[in-house]
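Student: The lines below spell out each chain.
2 protein chains.
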Amino acid sequence: MIEACICTIGDEILIGQIVDTNSAYISKELNKMGIKVSSIISIGDNIQEIINTLADVTEKYPIVITTGGLGPTKDDITKNALLILSGSDEMYLDNEQLGVIKDICTKRGIELSDLNRDQALVPKSCSVLINRKGTAPGMFFKISSRNSLLFSLPGVPYEMEALMPKVSELIEKNIKTEQIIHKTIVTFGVAESMLATILNDWESSLPPQIKLAYLPNPAIGIRLRMSVYGGDKSNAIALINRYTNELYGLLGDIIYGESDDTLESTLFKSLINESKSLSVAESCTGGRISSILTSISGSSQIFKGGAVVYSNESKVAILGVNSKIIEDYGAVSKECAEEMAIKAREVFKTDYAISATGVAGPTGGTAEKPVGTIWIAVAGEGFVLSKKNVFTGDREINTIRFSSEALNFLRLVLKRS
Amino acid sequence: MIEACICTIGDEILIGQIVDTNSAYISKELNKMGIKVSSIISIGDNIQEIINTLADVTEKYPIVITTGGLGPTKDDITKNALLILSGSDEMYLDNEQLGVIKDICTKRGIELSDLNRDQALVPKSCSVLINRKGTAPGMFFKISSRNSLLFSLPGVPYEMEALMPKVSELIEKNIKTEQIIHKTIVTFGVAESMLATILNDWESSLPPQIKLAYLPNPAIGIRLRMSVYGGDKSNAIALINRYTNELYGLLGDIIYGESDDTLESTLFKSLINESKSLSVAESCTGGRISSILTSISGSSQIFKGGAVVYSNESKVAILGVNSKIIEDYGAVSKECAEEMAIKAREVFKTDYAISATGVAGPTGGTAEKPVGTIWIAVAGEGFVLSKKNVFTGDREINTIRFSSEALNFLRLVLKRS
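Here the protein sequences line up with chains P and U, keeping their order.
Mapped onto our numbering, the consecutive letters of the first sequence carry residue numbers 76 to 492.
Mapped onto our numbering, the consecutive letters of the second sequence carry residue numbers 76 to 492.
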């Protein structure tokens, strides 16, 4: 199996000022091509350290991808390190990238500075990967003395992502890759240890070629990933399909999707299929449920609007919640959640409405309604259903779980109706 | 300077299924103690690879922190690797952790399984770091043959975070650390290259001890970080203070905060100080602005509610926007943004209201109002102000920028009023 190494460059990673999301993206893309990422290394903005590390990893791995350190400012020195490493002795101005830089400056209404222009300077020994989303071009070097392909990509995630198809193309042109078959099943609503208990016998029956992993995520649920490396492709696929079918039999509607499916993408597909619309009334989730739903392009086809009713007054004023319900049962109650869903459905004139009201924390909990308590409800034509959960996370995690529980509740209601 | 290495363990990182946020958190915490993270390495769930890598890095670094691989399922094998590496020959059941595990199961209403119970098993050679947020305990080993401190923490971020104070305490007890002085200034509203042009002369005047870095983030703005490593502490502080003051002089109200300040935390502080309340009317940002504001604990003191008016009908029905404005000028217009802010302020009865209406993309753009166009408005007692921006990102980035622009606009309005 072809192995690769990712090097992320920048003091900001080592001092923890930014989270490296690029490695995950790049790993995923390489994986699709049957390339195994064996190592991810983060190093600082130090020219000697960059040169040493890249010299080392280009010896060990046939593919090395770096991100970061290509910005216009003085702390960005990856390009100089690459100039030295590649044995190049000079830079040239790439006119195509310069054109992009000029366009971006014009669009943003800023003047082209020397710093901007210098971003189009690249070592003579590289092939330029034109960056159309930003000012720093990507670079591709064949380090022939080491038989290694070295790619340098900008650190800004969406600029890097836009260059990855070109990187894949160049890798495929230069290296024969092997296969990896992954299959991921996405579940929601059952804790990891309970899922493992349910699957214990099944897991023991898995043949040694299949590697199984549990990947819990508070927003998505637990993803179960089966992987087969190498071997005969059609056998691997047949094997994975067989065990996937068994999983569906064991888990039923705990499973909501496959691969990159999320609760929101799954809901979006069901609602689009049935031409149904949706609205949201949320309190403790503070806009997160609406925000998740609208993260999907085209969501306006199903999502009509949401009310973030953070105070009791706004629940009454915006949604027309009966204030007596809040007085009698409190804002965090079955009755209030149901009323919020019913009223949201009326106000936004939608087929369904979801509501969520709870205590995200860290303050506001009581013995009866501790931090982590959430009431959610779904209203539809002629019905309203509700449920309560209690979680044990902090404010951020609780808000994520509350939102996903609400989306999952609607999913189950749609499925069973 | 004391150096440390972070090892994150799990195939899910190498195949890109999850983003490693733990390293950033841990780096930040170590940095505060004057420890430099020199390397972050991600490796897979392979027992031999874990043992080899940890044997290697505990030789090189006096402090090694691992995360991940401690879950209840069969793919989690870090504990076995540590058992072998530490030369321990057996495990014991830690009763305190078992108590926590039992409590969590009871709270979640699930039965204690063998898998749950086994999470309280730890190598005899370690000190247990009790995990009160989850079932997998952290572990601390003194690898005396190598003079290295090795910490193994759970991979779930908020469980790991809860254990870091204990890790810091143990490091301080065992190693004498050196100082790093960082100072971070947070700016918003000026692009990186333009900021670099403004600061060019100032940057050239910086003494060699000060290392400057630009850290752009679409939600936060650009953070400027000055660092001084080692040397005399009071000199370092005096030096950083002097150049910080110069920065304030050069950048004025482009600067909105320091350290971990965000637009929302800055706004929260100003509004709390003035006892003012806020509401939001948002269209293309889909709930994100409300969600950002409510991410702050205590936000109910200032934030009363938000309307996510994703359709034209909901703008009219929920906020009472005059439908003629939408007909005459379109939903993405100065007029509509201003009307949305005015109406939100009325409906939610708040001192201020922010509105945002635009085209996040990828579809919906026109020649006149291309993808990336946003109109934002702020309404207060007797006034409404608005502004337009055009960004060039994808849907996700545009939504982030739109939201931050809206928050920043309110910040500037508050500052100048």
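There may be inaccurate statements among the hints.
One copy or two, either will do: identical chains are not told apart, so a pair holds if it fits within one copy or between any two.
[To be verified] Keeping only pairs whose Cα atoms sit at most 30 Å apart, straight-line, the calculated DSBU-like set for lysine-lysine is: (1) Lys-217 <-> Lys-399; (2) Lys-135 <-> Lys-111; (3) Lys-424 <-> Lys-399; (4) Lys-111 <-> Lys-217; (5) Lys-351 <-> Lys-217; (6) Lys-409 <-> Lys-424; (7) Lys-199 <-> Lys-399; (8) Lys-182 <-> Lys-490; (9) Lys-351 <-> Lys-149; (10) Lys-199 <-> Lys-241; (11) Lys-308 <-> Lys-424; (12) Lys-444 <-> Lys-208; (13) Lys-208 <-> Lys-462; (14) Lys-135 <-> Lys-409; (15) Lys-241 <-> Lys-399; (16) Lys-424 <-> Lys-107; (17) Lys-217 <-> Lys-409; (18) Lys-409 <-> Lys-182; (19) Lys-199 <-> Lys-424; (20) Lys-251 <-> Lys-462; (21) Lys-462 <-> Lys-308.
Think of the hints as simulated: they come from the structure by calculation, not from any bench.
Student: Indicate, hint by hint, whether the structure satisfies it.
Tutor: The hints, checked one at a time:
1. Lys-217 <-> Lys-399: Classified as neither: same-chain Cα gap 73 Å, cross-chain 61 Å, threshold 30 Å.
2. Lys-135 <-> Lys-111: both (13 Å within a copy, 26 Å between copies)
3. Lys-424 <-> Lys-399: Intra 24 Å, inter 21 Å, cutoff 30 Å: intra and inter.
4. Lys-111 <-> Lys-217: within (20 Å within a copy, 33 Å between copies)
5. Lys-351 <-> Lys-217: neither (53 Å within a copy, 60 Å between copies)
6. Lys-409 <-> Lys-424: Classified as both; 22 Å inside a copy, 27 Å across copies.
7. Lys-199 <-> Lys-399: neither (75 Å within a copy, 59 Å between copies)
8. Lys-182 <-> Lys-490: between (47 Å within a copy, 28 Å between copies)
9. Lys-351 <-> Lys-149: neither (53 Å within a copy, 42 Å between copies)
10. Lys-199 <-> Lys-241: within (19 Å within a copy, 51 Å between copies)
11. Lys-308 <-> Lys-424: The answer is neither: 51 Å in one copy and 64 Å across copies each exceed 30 Å.
12. Lys-444 <-> Lys-208: between (48 Å within a copy, 19 Å between copies)
13. Lys-208 <-> Lys-462: Intra 45 Å, inter 24 Å, cutoff 30 Å: inter-copy only.
14. Lys-135 <-> Lys-409: Cα proximity of Lys-135 and Lys-409: none, with 60 Å in one copy and 57 Å across.
15. Lys-241 <-> Lys-399: Neither, since 61 Å and 48 Å both go past 30 Å.
16. Lys-424 <-> Lys-107: Result: close neither inside a copy nor across copies, 43 Å intra and 53 Å inter.
17. Lys-217 <-> Lys-409: Neither, since 64 Å and 52 Å both go past 30 Å.
18. Lys-409 <-> Lys-182: between (51 Å within a copy, 20 Å between copies)
19. Lys-199 <-> Lys-424: This pair counts as neither: shortest intra-copy Cα distance 62 Å, inter-copy 63 Å.
20. Lys-251 <-> Lys-462: neither (53 Å within a copy, 53 Å between copies)
21. Lys-462 <-> Lys-308: The answer is neither: 45 Å in one copy and 57 Å across copies each exceed 30 Å.
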